[in-house]
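Protein sequence lines, in the order shown, are assigned to chains A and B.
Whatever position you read off the first sequence (first residue = 1), add 432 for this note's numbering.
Position 254 (the second sequence) corresponds to 236 in this note's numbering; numbering is contiguous.
One thing to keep in mind: the hints can contain errors.
Label pairs and their calculated CB-CB ranges [as the list claims (entries may be wrong)]:
| hint | chain 1 | residue 1 | chain 2 | residue 2 | range |
| --- | --- | --- | --- | --- | --- |
| 1 | B | Asp322 | A | Lys687 | 22 to 28 Å |
| 2 | B | Gly325 | A | Arg664 | 36 to 42 Å |
| 3 | A | Arg486 | B | Pro254 | 54 to 60 Å |
Derived from the structure by calculation, the hints contain no laboratory data.
Being a predicted model, the structure only gives us computed values, none of them experimental.
In this text, a Cβ means the ideal position worked out from N, Cα and C, and glycines have one as well.
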Amino acid sequence: MTAYEMVVGLEVHVELATRTKLFCACSAAFGGAPNTHCCPVCSGMPGALPVLNRRVVDLAIATGLALGCRITRHTQFDRKNYFYPDLPKAYQISQLYMPICRGGSVQIDVGGARKDVRIHEIHMEEDAGKLVHDPWTDRTMADYNRCGVPLLEIVSEPDMRSPEEVVAYLEKLRATLQYLGVSDCKMQEGSLRADVNLSVRPVGSEALGTRTEMKNLNSFKAIARAVAGEFRRQVELLQDGRAVRQETRRWDDNKDTSFAMRSKEDAQDYRYFPEPDLPPLVIDEAWIERVRASLPELAEAKIARFQRDMGLSERDARALTAEKPLCDLFEQTAACCARPKDAANWVMGEVRAALKARGLAPDALTLAPEALARIVLLTAQGSLARDGAREALQAAMDASPDAPLDVDAFARAHGLLLARDDGACERAVREALQAFPAEVARCRAGEEKLVGFLVGQAMKRMPGRGDPRRVSELLREALRAPDA
Amino acid sequence: MQLTDLTALELGAAIKSRACSVEEAVRASLARIAALDGRIGAFITVCEQEALQEARRVQRGIDDGSLTHPLAGVPMALKDNLSTRGVRTTCGSRMLEGYVPTFDATVVERLRALGAVCVGKTNMDEFAMGSSTETSYFHPTRNPFDPARVPGGSSGGSAAAVAAREVPYALGSDTGGSIRQPASFCGVTGLKPTYGAVSRYGLIAYASSLDQIGPLCRDALDAAAVHAAIAGADARDATSVQAPPLPPLGAPDLAGLCVGIPEEYLGEGLDPQVRARVLDCAQTLRELGAQVERCSMPALRAAIPAYYVLASAEASSNLSRYDGIKYGYRAAPRPDGEEDLTGLYARTRSEGFGREVKRRVLLGTFALCSGYYDAYYAKAQRARALIRASFDEALARFDALLGPTAPTTAFPLGERLDDPLQMYLGDIYTVSVNLAGLPGLSIPCGADAQGLPVGAQLIAAPFGEGTLLRIAAAYQAATGHHRRAPKEVG
């Protein structure tokens, strides 16, 4: 039987983190009561005209530079015409003929294999509004708050061959956009959306098969499942001797399957033409250089620096930079406690595990780096045991960001600080030895496994505060002593 | 003498000198509208209460010295595609019959700020698509020189209102001749400014890359004053630019000026009487010291088809927002309760738009369809570039170009309504100026045998409004054509 491979390209929409909209001064903030972030321009009133928010162009250029794209020097906006109630002008201002960026790539790493996924183009466009159906009154209401919010559409070449590559591409792209400060990339708020273009072909073939476009993908996991599911569906069709139809499909993650939305024959003719209300946009060298000078440190540079200056392994450095919120936490924690390796282990280990246990995404993290730094330091000094440190971490994650946890006070109050006071330990050891003379004798006779029992007894006599290493040391010393 | 016989600047001076009050000026205008407009039909909406209230505010400003502009207190009218806060703005369409804007167009804001008083909104071809004002949903407007004839269009209401002395000046908009051609038909002075000279913010778009707002006045001096008041860059219109200020109109002679007459403007289809009056005008300019020569601009032949493709393409997109969802006309629900979105759109737009608008929306939609885009839209853009280059070349040689504004004088109502091609061909001398983004001015230069006004068109390089107005002012100082008032309504 023929073996097939998948050929996947992505269209990723990101909402840009600008204060105002693409063509008016309305707030671009997420949420707000319906139709409160609107004006005559973004709600498409007759006679209103768009004026370009140049900050959007800055962010588009920054993205292009970070992904190694060519920046189009003479660009323009185009109108994409279609009727829908969430689009009050009945056209979307977008870019078709001269997108602001072309070329470039995203480097991904799957199972140790590096690969460049090429970028076809990046263009600027405005978002549409939202329709809300009220089942109670059976009416549909329009909310234009999102109308005119700036978007970048990042279109890849069909270079991905597995769900893992797709997810790696998305993770790398998201991290880059987050490092740039271009977007917060919150899928749950729709600030990052991805459509999947997928076709299949016999392994070894160079020709592209008929592709489908998959929409309604709400998480990276859903995307991975949708990619795998669509691959299976297309392969089964071909194996049954049927053809894949060029169509747009909608993924239903609950049912783990997709449904055809519209076929190529029903595809709309968007009648694109250059937007006459906006003059052509000329981007000169000075503009590009100004953006280049303002670019923050990106993941690859961080990975190199973490290895060079902080002594991390490449693997740890890559893992840390994959998600910006965790990377930020790591850098700030390391700066506070001056123990980068310990800080890295804590972030990648305990912090990540705690997030997972709470079912939180990294961008929902509110842990204060000062608190984590104190936990790292006390643990490294031996003042906190692993269990106590975990307890402190949970409390630090529960604390509100405005009032971070005082780790020392918390540890004292909950008796988590280990007794480093030899007097208390010696007293406990002495009491344990006196309470179990027979066991002491057997121990001295060489019954090594009873040492643990005696340590336990000593620990019991100083509950919660004993440093087991120190107790064990003192106990062994006492056993070695000629007369206890 | 009546207040309504004064030009805008004369009336402004009378108000300033306390010879009359703002309220008297506004009441005189309102009274003339009340007396005449039943026969002319220049207005869609008369804002009597608002105007009288505004008159009192402006009078206080004049009295306390905060309003000193020469046009302060002078009544005026606005074409009904200029957004006026709180006053319905219909665009001459059923689609916007009850639409009340929440904001003023920039030009309205600027005129209000200097103390102009709007007395009403003038009739127009629906969405500015037409050359006769007959496509208005509301009623036709009649030419004050002959009520059986059209006033031209699409700013026919503004031109008729000025010609009938209902207002001393009015604003119109010009996409393919919509200020100049009605100015020509109604014997008034109409200026279509350079593209970008006047902000389009608040002008309900017909074709964005061609639309410009401009004044229709009794003479060139008024046109200069109104143009200066409304021009200038606007942060709300990205296509607007700051032009240098108009030079003083000064010199009564035209010595040193070079004027070209393109052969293409005197060719087939031109009424011989119009031709004769325009050549008379050329002779007067010569007598005033200008050098007048013939020239040739063959690229202009492509102007009509290029214009109707590009303007219709942009219109098809600009008018898509009238879908019955947010504001404006919405078709009644289907009696069977089976409502689907496409059906609602289709019925709303079929019922809300008139025939000419639907014709151009269909034409424009077709021109932008994939598969036809290159053959129509892209080709028309190339023709536009050629026309622009041709004007650049001619205007490097001449300070201004002269020709007729329209091939004929005002035609009878109904004559061309069912013959769109003939109607479109009437725009032959005006559309190329919009395609090239140039300033154009129409001035009265006499009458035909029936006493109907003939207009001469002057065209200059970008931001050459000063040159056009200087020529017009010198011509009007030397002749009296612009002072001839229509008798029929007098």
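Now for the hints, and whether the structure bears them out:
At about 27 Å, the beta-carbon gap between Asp322(B) and Lys687(A) stays in the expected band of 22 to 28 Å. Distance hint for Gly325(B) and Arg664(A): a CB-CB separation of about 39 Å, consistent with the stated range 36 to 42 Å. Taking the beta carbon of each, Arg486(A) and Pro254(B) are about 56 Å apart, inside 54 to 60 Å as hinted.
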